[in-house]
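Given chain A, put chain B in place with the hints provided.
Residue numbers (the numbering used here), protein chains in the order written: chain A, 1 to 170; chain B, 1 to 176.
Simulated from the structure, these hints should not be mistaken for laboratory data. Everything numeric in this text was worked out from a predicted model, so none of it was measured. There's no promise every hint is true.
[Unchecked claim] Within a straight-line C-alpha distance of at most 20 Å, the following computed SDA-like cross-link-like pairs (lysine to any residue) qualify:
(1) B:Lys-81 to A:Glu-80
(2) B:Lys-70 to A:Met-158
(3) B:Lys-81 to A:Arg-160
[Stated by the list, open to error] Here are some chain B residues the structure puts well away from chain A; computed CB gaps all over 10 Å:
(4) Leu-12
(5) Gln-50
(6) Gln-54
(7) Ser-69
(8) Ala-90
(9) Ala-96
(10) Gly-100
(11) Ala-104
(12) Val-122
(13) Ala-123
(14) Leu-136
(15) Leu-152
(16) Ser-155
(17) Glu-158
(18) Ile-163
(19) Phe-168
Virtual Cβ for every residue (Gly too), placed ideally from N, Cα, C.
Read off the chains here:
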Amino acid sequence: MNLAARCQREKGVAVSLADETNAKADSIMSARRDLHDRTLSKMSVPLERLVYLASLRDYSCGRYFHDGLTMRFSEKVAAEAMKQEHMEVFSELAHTSLQTLVRQLNRYLDSLHQDWTESLRTWECLEPYRVVVPVGADGFAVRIFLSNIRIAVAILVMQRQSLPRPIEDA
Amino acid sequence: MSGIALYLAGGLLLASCLLRILFDRRTEGEFSDPLGGAGQPSVGTLSDTQLSAQLFGSEDWRYVASLGSKAIELEFLRMRKNLALAWVHAARVEAAALIGAHRAAARTSAHLNFFAEVRVTVAYASFLFFCVLFSLVIRIRGPVALQSLARLADSQSERLYEIVGQIFPVAENFRG
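So here's chain B without its partners, still in its complex pose:
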């Protein structure tokens, strides 16, 4: 009985993750800003720790909450949630670009190491899974006071860059 419940829970989690990915793709237009395209390069977004600290920190929220206006609070949370989701999306785009470059380099390489490629795949898959979970948390409880998760995403991304960089030097072309 408990086995069935476990399978059901796992299935539900997987389904919700897939829905989130689909939903994320559908709502990308939400983040489009007339000026958003001006500074198009999302590469390096993660490396600006000051911006991510501001986004996922609680200083601005404490200030907004002290004003005592429900409308401002809701607007602030809506905007920050969109920004936080865009941040996670940018992290995914950055990682996908890195993996794309790695794949292109691997295709032309004569000395492919199977285990090294498995390590890259596992690191990339776990990073993507973490991004999905992070998006889920942002959607459920908002982006306020999530610095630790943002730092974790940053370190996961760093790890992926390190692993890819050990095999081919493509990682040097990424990150600001």
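So that you can see chain A by itself, here it is in the shape it has in the complex:
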């Protein structure tokens, strides 16, 4: 094969690779939009979105699974979309002020429709917020986030203790 023909062929391979990458990026974007429109947009509190996205991840292998999304897109594209969405929500929360985080945690515990105090105690003792961090997140952002959440839990506990106790406790 002469040089011109080889160059032409290599250029063709490069173009098709670039097309493939663009197509994959487009499908990931579509999958993210789908995930957002169908599920995440219904969660008004970003902290709720973070907990939900972390729950889609297998703790042992770190991969994301979502049947509906996998059916509409490929498994790889769906997993990548969830990963990116998880990272974005986490980054948003890591940059959130402490006051906003306290408000969000309060609303999130409310949205669970369970005993608020019990849920708060669980967050205080088991520290479930440690597992909601996406893999590959910046180490410093993780530290700030964990520190802020810990303080937010302590603030809610303190505010709860300062409220008058219900009559049944007396």
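Using the frame of chain A, we list chain B on its own:
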């Protein structure tokens, strides 16, 4: 008499700086977090100005102070102090990695410029000295409302990257 006092003050400052460096190394374990290792790369930490503004700003502190709980205030300050010290440590690690790469490139280079190398050494030494002073200030008065010092550390680090980048292109491989 005043000369002796000046020497004594200088000696004390130097000794305290050395102690701080040693103390910093000993307390690195304090910052270890089970998840801290997950996002191990500290490179690029300085470039996230939003995070450093949050860390060294006073917005969160004003909120905590408004709650009127001494226990929460102390816990908040303890955590933020550790984070701030970790930030300075990360900046030092980042600079050390850059200088390591620069040294490796310089070792194989046939066209070493003595004065350029002196400039790098001076910039690196002044950056390290600034980091030690910054750590000292954080330890003494806490990290609240120290944005200007954080910005200064950032600009010193930028300067170091610029100087190194002018000699060898190793700086391009660093910073997020």
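Okay, the hints, checked on the actual structure:
1. B:Lys-81 to A:Glu-80: violated (36 Å)
2. B:Lys-70 to A:Met-158: holds (11 Å)
3. B:Lys-81 to A:Arg-160: violated (27 Å)
4. Leu-12: It holds; Leu-12 (chain B) is separated from chain A by about 33 Å at its closest Cβ, greater than 10 Å.
5. Gln-50: violated (5 Å)
6. Gln-54: violated (7 Å)
7. Ser-69: Ser-69 (chain B) not clear of chain A: closest Cβ-Cβ about 5 Å, inside 10 Å.
8. Ala-90: violated (6 Å)
9. Ala-96: holds (16 Å)
10. Gly-100: Gly-100 (chain B) clear of chain A: closest Cβ-Cβ about 19 Å, beyond 10 Å.
11. Ala-104: holds (25 Å)
12. Val-122: holds (28 Å)
13. Ala-123: Its Cβ never comes within 10 Å of chain A, the nearest being 24 Å, so this holds.
14. Leu-136: holds (21 Å)
15. Leu-152: holds (19 Å)
16. Ser-155: holds (19 Å)
17. Glu-158: holds (18 Å)
18. Ile-163: The claim holds: Ile-163 (chain B) sits with its nearest Cβ about 25 Å from chain A, beyond 10 Å.
19. Phe-168: The claim stands: Phe-168 (chain B) keeps its Cβ more than 10 Å from every Cβ of chain A (closest is about 27 Å).
Figure legend: structure checked against the earlier numbered hints; hints not met, in rising order: 1, 3, 5, 6, 7, 8.
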